[in-house]
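> Residue numbers (the working numbering): 1 to 160.
FYI, nobody ran anything at the bench for these hints, they're computed from the structure.
Ideal placement from N, C-alpha and C gives every residue a C-beta, glycine not left out.
It is possible that some hints are incorrect.
[Claimed, not checked] Beta-carbon label-pair distances, calculated as ranges: (1) S4 <-> G84: 27 to 33 Å; (2) S4 <-> G56: 37 to 43 Å; (3) T55 <-> W138: 34 to 40 Å; (4) E122 <-> G5: 30 to 36 Å.
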Amino acid sequence: MDISGFRPIHVLGGQLTLSSRPDTMLITVLGSCVSACIYDPVAGIGGMNHFILPTGGNSEPGQRQRRYGDVAMRNLVDGLYKRGAEPGRLMAKLYGGRARTGGSGQAGSLNAAFAQDFLMEEGIDLIDASLGEDFARWVTFHPASGWVRLKERADRQHIF
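All chains, full assembly: derive it from the sequences and hints.
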């Protein structure tokens, strides 16, 4: 897909964006954070979140709650349902969860595990994922169709 001419929206840590506009691309860069790209191909609507830690969102005020997977994933799915998506049609793609080589931090693996468990509990099909390993990811998501361009490091690119 040629992405020139699309309206880019950058999704930063702790943010969530939903869209059914055919001219919109959602873009993020990930390290240990995880982004879920979830869409309903029949309704032509999708969204992306970008969470920093797996749980703890209910203890934070307002928009800061979305920095946590427990709130970010629930808000994303509920937002899609409110806009016409239907259970049983949602498809998901997960990216991020960088595992630092030699590092002691486990945030990346905990984020990835949380997101996978959430999707399984909700009965949402996970159709693509790039999680773990020690490299950053650049994700471009077309929410109306589910198309993703994933760049891993500077020398690897995948289109799904």
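> Each hint needs a verdict: does it hold in this structure or not?
Right, here's what the structure says about each hint:
1. Take S4 and G84: their Cβ atoms lie about 28 Å apart, and the range 27 to 33 Å holds.
2. Between S4 and G56 the C-beta distance comes to about 40 Å, which sits within the given range of 37 to 43 Å.
3. Between T55 and W138 the C-beta distance comes to about 26 Å, which lies outside the given range of 34 to 40 Å.
4. At about 34 Å, the beta-carbon gap between E122 and G5 stays in the expected band of 30 to 36 Å.
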